[in-house]
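In order, the protein sequence lines correspond to chains A and B.
Quick note on the working numbering: the first sequence kicks off at 1 and runs consecutively.
Quick note on the working numbering: the second sequence kicks off at 1 and runs consecutively.
Calculated directly from the structure, the hints in this document are not laboratory data.
Even for Gly, the Cβ is constructed at its ideal location relative to N, Cα and C.
There could be a bad hint or two in this list.
[What the hints assert, rightly or not] With a cut-off of at most 20 Å between alpha-carbon atoms, the simulated EDC-like pairs for lysine to aspartate or glutamate come out as follows:
| no. | chain 1 | residue 1 | chain 2 | residue 2 |
| --- | --- | --- | --- | --- |
| 1 | B | K371 | A | D156 |
| 2 | B | K439 | A | D156 |
| 3 | B | K58 | B | E69 |
| 4 | B | K371 | B | D444 |
| 5 | B | K443 | A | E158 |
| 6 | B | K442 | A | E158 |
[Said to hold, decoys possible] Stretch by stretch, here's where chain B covers chain A in the computed footprint (C-beta under 8 Å, at least three residues):
| no. | segment |
| --- | --- |
| 7 | 56-69 |
| 8 | 170-178 |
| 9 | 183-191 |
| 10 | 572-578 |
Chain by chain, the residues:
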Amino acid sequence: MFVGAIFFPLLGACISGFFGRWIGDKAAQWSTVICMALAAVCGSLSFAQVALSGHPVTVEIVTWMNVGGLDFAWALRYDTLAVVMVAMVTFISTLIHLYSVGYMSHDETPSRFFAYLSLFTFMMLMLVTADNLAQLFFGWEGVGLASYLLIGYWYDRESANRAAMKAFIVNRVGDVSFMLGVALTFYVFGSIEFDTIFAAVPQHLEDRFGGIPALELIGVLLFIGACGKSAQLGLHTWLPDAMEGPTPVSALIHAATMVTAGVFLVCRMSPIFEYAPTALAIVTVVGASTALFAATIGCVQNDIKRVIAYSTCSQLGYMFFAAGVGAYQVAMFHLFTHAFFKALLFLGAGSVIHAMSDEQDIRKMGGIWSKIPITYAVMWIGNLALAGIPFFAGYYSKDAILEAAFASHSGVGMYAFLCGMIAAFLTAFYSWRLLILTFHGAPRADHHTMEHVHESPAVMLIPLLLLAVGAVLTGYVFAPLFIGEHEHGFWHGSIVNAAHNHILHAMHEVPAWVPLGPTVMGVGGIALAYVFYMLAPDLPGRLATAFRGIYLFLLNKWYFDELYDAIFVRPARRLAAVFWKTGDAQIIDGMPNGAASLAVGVARGAVRIQTGRVANYAFAMIIGLVVFVSLFLIGR
Amino acid sequence: MNAAGFPLLSLLTFLPLAGAAIILFVRGEEAVVARNARWTALWTSLLVFLLSLILWVKFDISSAGFQFEEKLSWLPEFGVGYHMGVDGISVLFVLLSTALTPLCILASWEAIETRVREYMVAFLILETMMVGMFAALDFIIFYVFFEAVLIPMFLIIGVWGGPRRVYAAFKFFLYTLLGSVLMLLAILYLWYNAGTTDIPELFEYQVPRAAQTWIFFAFLASFAVKVPMWPVHTWLPDAHVEAPTAGSVILAGVLLKMGAYGFLRFTLPLLPEASAEFAPLIFVLSVVAVVYTSLVALAQEDMKKLIAYSSVAHMGIVTIGIFTINAQGLSGALFTMLAHGVVSGALFLCVGVLYDRVHSRDILRYGGVAKIMPSYAMVFMLFTMASVGLPGTANFVGEFLVIVGAWRINPWVAFGGALGMVLGAAYMLYLYRRVIFGKITKKDLRALLDLSPREYAVFAPLILLALWMGVYPQPFLDFFEASVAALVQRHEAAMSVSRLAGM
Chain A
1 MFVGAIFFPL
11 LGACISGFFG
21 RWIGDKAAQW
31 STVICMALAA
41 VCGSLSFAQV
51 ALSGHPVTVE
61 IVTWMNVGGL
71 DFAWALRYDT
81 LAVVMVAMVT
91 FISTLIHLYS
101 VGYMSHDETP
111 SRFFAYLSLF
121 TFMMLMLVTA
131 DNLAQLFFGW
141 EGVGLASYLL
151 IGYWYDRESA
161 NRAAMKAFIV
171 NRVGDVSFML
181 GVALTFYVFG
191 SIEFDTIFAA
201 VPQHLEDRFG
211 GIPALELIGV
221 LLFIGACGKS
231 AQLGLHTWLP
241 DAMEGPTPVS
251 ALIHAATMVT
261 AGVFLVCRMS
271 PIFEYAPTAL
281 AIVTVVGAST
291 ALFAATIGCV
301 QNDIKRVIAY
311 STCSQLGYMF
321 FAAGVGAYQV
331 AMFHLFTHAF
341 FKALLFLGAG
351 SVIHAMSDEQ
361 DIRKMGGIWS
371 KIPITYAVMW
381 IGNLALAGIP
391 FFAGYYSKDA
401 ILEAAFASHS
411 GVGMYAFLCG
421 MIAAFLTAFY
431 SWRLLILTFH
441 GAPRADHHTM
451 EHVHESPAVM
461 LIPLLLLAVG
471 AVLTGYVFAP
481 LFIGEHEHGF
491 WHGSIVNAAH
501 NHILHAMHEV
511 PAWVPLGPTV
521 MGVGGIALAY
531 VFYMLAPDLP
541 GRLATAFRGI
551 YLFLLNKWYF
561 DELYDAIFVR
571 PARRLAAVFW
581 KTGDAQIIDG
591 MPNGAASLAV
601 GVARGAVRIQ
611 TGRVANYAFA
621 MIIGLVVFVS
631 LFLIGR
Chain B
1 MNAAGFPLLS
11 LLTFLPLAGA
21 AIILFVRGEE
31 AVVARNARWT
41 ALWTSLLVFL
51 LSLILWVKFD
61 ISSAGFQFEE
71 KLSWLPEFGV
81 GYHMGVDGIS
91 VLFVLLSTAL
101 TPLCILASWE
111 AIETRVREYM
121 VAFLILETMM
131 VGMFAALDFI
141 IFYVFFEAVL
151 IPMFLIIGVW
161 GGPRRVYAAF
171 KFFLYTLLGS
181 VLMLLAILYL
191 WYNAGTTDIP
201 ELFEYQVPRA
211 AQTWIFFAFL
221 ASFAVKVPMW
231 PVHTWLPDAH
241 VEAPTAGSVI
251 LAGVLLKMGA
261 YGFLRFTLPL
271 LPEASAEFAP
281 LIFVLSVVAV
291 VYTSLVALAQ
301 EDMKKLIAYS
311 SVAHMGIVTI
321 GIFTINAQGL
331 SGALFTMLAH
341 GVVSGALFLC
351 VGVLYDRVHS
361 RDILRYGGVA
371 KIMPSYAMVF
381 MLFTMASVGL
391 PGTANFVGEF
401 LVIVGAWRIN
411 PWVAFGGALG
421 MVLGAAYMLY
431 LYRRVIFGKI
441 TKKDLRALLD
451 LSPREYAVFA
461 PLILLALWMG
471 VYPQPFLDFF
481 EASVAALVQR
491 HEAAMSVSRL
501 AGM
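Kindly produce the complete structure, drawing on both the sequences and the hints.
Structure, rendered in structure tokens:
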């Protein structure tokens with residue numbers, strides 16, 4: 001069961017990837033779906049056993065490396081933290097596989113697509129069940145690979161290739177830091193296995209490395225790695241571009257699972273972060289800033305998927321600052337609920353794109369709600385959950401995050417609370433902007449497209465409906481377990497709160513206006529969106545002209561891409577050319593080539609002297625004789 | 001004494017020569033001769049490979065000493081003898097050489113059309129020299145093989161190479177030879193003072209502190225060129241570009257390892273204090289190599305040149321690992337050498353596949369190959385990722401260990417090595433994107449055929465190795481564990497002695 005949950009997807013990937021051409025596309029697709037379904041069953045059973053009955057398990061497979069004290073194995077670590085992720089990933093991935101059967105039905109090489117998708121799921125599961133940092137890194141890079149392959153799935157599009165490469169390389173920047181974090185962990189603890197590290201934390205509280213407390217440095221290094229994967233401020237630039245991939249990919253990888261790996265990492269390393277207050281403060285500030293920053297950009301984007309992508313970025317920021325104030329459980333809870341409603345939103349967007357003949361620009365949509373009512377309904381549910389409207393899933397988790405930030409009573413906590421509040425307002429605003437522009441108003445698409453608008457087939461609608469159920473219920477059902485009264489028994493020590501960390505109690509004792517705040521903000525955002533896009537549709541345009549500078553700043557995503565291009569990409573290219581043409585070709589090669597031409601020159605000269613005329617030789621001999629004799633005479 | 005019961009290492013070394021002799025005696029029509037030469041070379045090299053598997057099975061991994069030793073007195077009055085043997089450091093390189101040779105012969109099956117007989121003879125001689133070099137336990141014997149490797153390689157580049165082959169061949173030969181001359185001086189010094197050139201015996205001899213410095217640099221001159229380290233790396237791209245595919249595979253797979261092997265076999269054990277003293281110099285050169293050559297690779301427009309520069313960067317990781325002189329760093333360096341042998345060799349073969357079909361190495365000549373050669377695209381992707389050091393492939397294990405080992409010495413060195421991760425991803429993915437992805441714009445590319453069964457046969461073992469070494473590297477790591485531990489211990493002992501002497 002424990003092994004099955006993880007290796008069924010790999011089996012599916014192999015069947016589809018290697019034998020897809022022989023068994024045919026249909027068989028390949030359905031074999032991956034079946035493998036995923038089996039994995040989901042195993043995942044749910046594991047969840048029941050590990051999380052609900054409280055029996056963590058570790059399955060050791062085989063030694064990976066054992067070199068001079070650095071000893072770790074391939075092992076599947078099933079504690080509550082892992083199993084929450086396993087259950088969530090297998091469940092959502094199964095639905096997305098199913099959805100893709102419909103979505104990719106017109107594609108040329110669906111078996112390749114499904115192989116990648118299953119491979120991704122396998123890697124993600126390896127990541128979450130890792131028993132040591134190296135295996136976590138294996139999954140970490142593996143999902144990066146799958147993400148690269150899937151973003152660039154339509155490889156004949158130049159933009160897709162570009163986006164895929166960017167995603168991989170930006171992630172790698174974070175990975176360097178991750179790798180160094182692992183190296184430092186080994187240096188400090190002499191091991192990279194979680195159990196050993198966590199048990200040894202108390203002995204290393206005072207350790208310093210280069211004058212910096214070692215635990216803080218580990219925390220910061222790992223967090224930079226997490227920033228890459230989870231698209232936090234500074235390393236976020238790849239995520240919006242990643243929308244070049246097929247929509248199910250965006251739903252699975254760039255919303256529900258892979259991008260949350262960074263949050264998972266911070267929660268997994270909670271025993272270390274608990275004793276690294278500065279690192280936590282950095283996590284809080286970066287998370288809060290991202291939450292706000294991405295929300296501002298989301299308000300002006302016009303591509304339906306990019307709006308949701310920035311929304312994901314922003315929600316990840318929420319998760320990070322929740323973890324940053326020490327409320328890891330709350331972060332995990334938001335991660336969990338977010339997976340459902342964000343996957344729902346993306347798949348809903350996919351359904352819209354499908355209906356609109358691959359149009360993604362919301363300025364060219366509108367007036368289609370009556371033609372695709374089910375999609376419309378599930379998009380409403382998804383947005384209600386995202387905006388944190390009471391009794392939908394996001395309400396429970398987002399409220400909890402903001403309460404936790406408020407309850408932390410620290411400067412960074414208050415900063416996070418403020419950012420979170422404003423972002424909540426913006427979230428509701430851009431969600432309804434999206435909803436209204438996409439579905440309401442006069443149709444802005446051409447006649448031809450509008451004629452073809454149709455509801456998606458059942459194979460796509462069933463996953464949508466199931467996810468919609470999740471987006472409604474997961475908050476209410478799981479809140480008591482994740483963050484409520486059963487929290488301690490549920491997590492079973494897989495997340496550690498230090499003795500000085502009372503955030504989970506304090507968050508229930510905040511002033512009454514705090515829990516109400518997000519709801520008010522959400523409703524306010526929705527109201528503003530109605531004003532802007534239903535009641536006075538020319539207002540946004542006038543605002544954009546009036547505040548042109550701000551508008552362009554937001555539209556161009558705060559100019560991060562341009563900045564990085566100027567600071568890193570172009571200088572690297574220029575440097576490369578200089579190193580090659582000047583460094584290698586002229587300076588380094590210049591020396592031996594110069595020596596060679598010198599030798600050739602000398603030889604040529606020598607050849608010229610040897611004319612073959614006796615008179616010349618005789619003359620040379622006489623000169624030589626004269627010189628020697630005179631030297632002899634002078635020297636004496 | 002000898003676990004095999006017969007002189008296995010000598011057999012491995014000289015059996016290819018016998019095969020070469022057979023090929024030379026074949027007479028007849030050109031086509032017949034060529035066919036015979038191919039098959040004879042293939043069978044000989046396969047036989048050698050199968051015999052070398054005895055090493056894998058019978059090698060005692062718990063011992064750090066030399067095994068499968070053979071000793072004949074040759075010039076006893078000079079203390080020079082014929083001495084062969086392998087320890088944990090060298091044994092896998094013997095296997096790497098014997099494994100790559102048949103693959104290379106298979107890869108040249110159709111690519112080489114002229115003077116097939118001579119080509120196969122040169123390749124078999126090359127194998128003799130490589131195996132002999134890794135198995136030699138006498139410094140003179142080592143030196144002979146170390147230099148003699150150059151001759152067949154020089155011919156392979158110079159005769160069967162590309163348009164600028166003569167320039168490349170001479171550059172390769174002169175560069176590597178010049179360094180070696182200095183090493184010969186150092187060997188003479190050692191022989192003069194220690195009275196022997198037998199390597200295990202030399203280990204007993206303590207080189208005076210003052211002499212260590214210049215011997216270190218004499219060795220460095222020779223080994224650094226072979227590695228190659230920055231800034232003496234420029235012969236490599238030229239040699240690779242002009243060499244035929246199989247030549248590049250051997251060059252990258254085995255010949256580049258000779259320098260690093262020299263560091264491990266001679267510099268570290270014989271010159272412990274100098275090694276420790278000049279380690280920072282090596283670190284600087286290595287980090288520069290990683291960053292500099294990675295950037296240069298980014299700018300390349302020739303596929304082979306790009307991979308050649310990437311080799312220099314990977315070897316930078318190796319030299320970092322060697323001079324950390326701790327268990328993780330050394331194991332990582334050894335592992336990276338093996339992994340690079342497999343992965344880089346495979347990448348050159350990947351380029352060769354396209355070159356055989358289109359006869360161009362120009363990156364811009366391609367694009368959209370994935371559409372018509374899906375299997376090939378998959379193989380190339382796998383090795384691209386392996387080269388990038390994705391966990392689960394061979395290179396990761398080595399790089400990871402080196403970085404962990406380097407952190408223990410100096411975090412900045414670890415950082416410099418880790419930068420290669422980003423830059424490596426950049427140039428490899430950029431290459432892949434331009435060659436494999438995109439739309440097909442060149443019409444003639446549409447007619448390309450996917451991998452042939454022969455090419456599958458060449459790639460299959462390399463794919464298996466690359467994944468096996470990545471997922472379950474322990475069998476390989478076990479081979480060098482004892483020897484590496486002994487090397488580290490020996491070094492620490494020497495250092496503590498010198499520290500005591502200094503007090």
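Hints and how they fare:
no., hint, result
1, B:K371 to A:D156, "holds, 9 Å"
2, B:K439 to A:D156, "holds, 5 Å"
3, B:K58 to B:E69, "holds, 13 Å"
4, B:K371 to B:D444, "holds, 13 Å"
5, B:K443 to A:E158, "holds, 18 Å"
6, B:K442 to A:E158, "holds, 16 Å"
7, 56-69, "holds (count 8)"
8, 170-178, "holds (count 4)"
9, 183-191, "holds (count 4)"
10, 572-578, "holds (count 5)"
When each numbered hint is compared with the structure, no violation occurs for any of them.
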